[in-house]
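Novice: Next come the chains, spelled out residue by residue.
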Amino acid sequence: MSHRDTLRALTAARPNSLDPTEAADPALIMAYPQEKTVTRTARRPVGRLVLAAGLPAVALAVTGAILLNNQSGQAPTAQPSAPPASTAAELPTDAGGVLLVAAQRSESTPATTGRYWVIRRGHGENSRPGVEEEQWLATVQGLPSSGYFRNADGSWTARPMQDHSAANNFLLAGSPRTVAELAALPTDPALLRKKLLTWYDGKDGEAEGGDVYLFHAGMGLVIDLPVPPRVRAAAYRMLAALPGMTSLGPVTDQHGRAGIAIGLTRQGDFGKSQARLIVDRTTGQALARESWVGNRAASWTVLLGARWADGPLPQASTLN
Amino acid sequence: MTPGDPNGRFTAIYHRHHRQVYAYAVSRAGRTLADDVVADTFLVAWRRLEAVPEGPLPWLLGVARNVIRERFRDDIRQASIAAELRAWAVEADADVADGVADRATMLAALAGLGDDDREALTLTAWQGLSAKDAARVVGCSSATFFVRLHRARKRLEQAMVASPVERRRPVRLTAQESSR
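Protein chains in written order, with my numbering: chain A, 3 to 322; chain B, 1433 to 1612.
Hints listed in this document are in silico derivations from the structure and should not be mistaken for laboratory results.
A virtual CB, placed ideally from N, CA and C, is assigned to each residue, including glycine.
Any given hint might turn out to be false.
[To be verified] The calculated label-pair distances, taken between Cβ atoms and stated as ranges, are:
#1 A:Asp203 with B:Val1522: 48 to 56 Å
#2 A:Asn18 with B:Glu1502: 40 to 48 Å
#3 A:Gly313 with B:Val1522: 34 to 42 Å
#4 B:Val1579 with A:Arg298: 21 to 29 Å
#5 B:Ser1573 with A:Asn18: 51 to 59 Å
#6 B:Val1522 with A:Asn322: 28 to 36 Å
#7 A:Thr159 with B:Asp1437: 36 to 44 Å
#8 A:Gly258 with B:Asp1548: 30 to 38 Å
#9 A:Asp312 with B:Ala1511: 14 to 22 Å
#10 B:Val1593 with A:Asn18: 24 to 32 Å
#11 A:Gln317 with B:Ser1573: 20 to 28 Å
#12 B:Asp1437 with A:Gln106: 51 to 59 Å
#13 B:Gly1440 with A:Asp7: 41 to 49 Å
#14 B:Lys1586 with A:Arg298: 35 to 43 Å
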């Protein structure tokens, strides 16, 4: 074997574990001050802690979330099909059934919109304490966006997201999409799947498989992104139809809220790794996403609220 | 994208190179530490964006290299990379579908090399860096890197011959080799 053959064979032997399992998002990093503009006091180590805890967990999407008991969720006007009377015992526990219930509940939510998509989330990783963050993400070009981080004493600190704009605030499986693009997504699961796959570059040698791509895109749509309820419902249905989705049964998320976990397992190098979506069994709302490696949650994000607002950006002191 | 658009520039750099930085972090520190390494590396890149050169990959990998060295105690890194290397061998051995019979042998041989040899080889074969760029990552001259790569390659070839991997099916590697 020549030397060149050796290197070529080594290239061919490249392990799959060198590829990240999730498309990450740079927005949290850009929430931190840059060195040229920063004062000494602003360059505290807390920034690194927050980043380390938050970044892998955020992974897919900077932005947005499902409607968690916000105003629109409490307005079931003219939605006789929404059956709040169901008891938990009647609800499905299989992965497809849980997702289809979630789809139905999403559909019964009226569509709203606003100049800002406001999302509050908790992030954690490994054994580090979690951090809580709220983002005000502009949906209209020209408006500023801002992140807010909760301090240990419960107060909030604003971290303006420099030059973040409506054009790059919302990432769908790693690529920025405008709110208009998201709103125009198909409401039929098969068409949604087809549309998403047009954005998937399967020829990129490092890309994951199409189903994994669809899983991550779908997770973003049901959890984070500001999409109309009917698009979210289609995303739930698309997820339900993906191969390999399994129900993991009743769980509690990292904030102690009860839900049903649905997982997609990949055979990794240290055993199995699993991406989990936790859905409230009675409301069908997404509660959390978790990434499990072996028998522990390597990273997690809980959704604490998401809503539309018209701004302006609030002062950190006004958040609670 | 204008020079006055740091977010645009950073986002482009991030999306273009994030996977490569992750791959380097895994190959150098193991998967358990890789996310932290990537996060810290890009935080440095963001904070010092004006210092990031065009064609930033060697610069980024150099930062990642320092992050790994400074942030993690050596025994933690060693444990993590040891687990990673074992996992490569297991994975390659289990992967009978792709028909690449010498993968397991190759990865086992690579696992047996020292950190420096493995780094020189993977920067070249997996990151696709030229000797000049790889030299920038590890902080030596191109000529020195060439020598390092040459020696590492020889040791890899020796290890592949010297330590046949126990496997569940016949290996065609030797036959292929002798036919050349």
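Novice: Run every hint past the structure and note whether it holds.
Specialist: A quick look at each hint next to the structure:
Range check, Asp203 (chain A) to Val1522 (chain B): about 30 Å between beta-carbon atoms, so the 48 to 56 Å window is missed. Roughly 29 Å separates the CB atoms of Asn18 (chain A) and Glu1502 (chain B), a value that falls outside the hinted 40 to 48 Å. Between Gly313 (chain A) and Val1522 (chain B) the beta carbon distance is about 53 Å. The supplied range of 34 to 42 Å is therefore violated. The hint said 21 to 29 Å for the Cβ distance between Val1579 (chain B) and Arg298 (chain A), and at roughly 44 Å that hint is violated.
At roughly 34 Å, the beta-carbon separation of Ser1573 (chain B) and Asn18 (chain A) lies outside the given 51 to 59 Å, and the hint is violated. Between Val1522 (chain B) and Asn322 (chain A) the beta carbon distance is about 50 Å. The supplied range of 28 to 36 Å is therefore violated. The hinted range of 36 to 44 Å is not satisfied by Thr159 (chain A) and Asp1437 (chain B), whose Cβ atoms lie roughly 25 Å apart. Remark: the range hint 30 to 38 Å for Gly258 (chain A) to Asp1548 (chain B) is contradicted by a beta-carbon distance near 48 Å.
Under the hint 14 to 22 Å, the C-beta atoms of Asp312 (chain A) and Ala1511 (chain B), about 52 Å apart, miss the expected range. Checked against the hint of 24 to 32 Å, the pair Val1593 (chain B) and Asn18 (chain A) passes, with Cβ atoms roughly 26 Å apart. In this structure, Gln317 (chain A) and Ser1573 (chain B) break the distance hint of 20 to 28 Å, their C-beta atoms being roughly 54 Å apart. Separated by about 43 Å at the C-beta atoms, Asp1437 (chain B) and Gln106 (chain A) break the suggested range of 51 to 59 Å.
The given range of 41 to 49 Å is respected by Gly1440 (chain B) and Asp7 (chain A), whose C-beta atoms sit roughly 42 Å from each other. A beta carbon spacing of about 42 Å between Lys1586 (chain B) and Arg298 (chain A) agrees with the range 35 to 43 Å that was offered as a hint.
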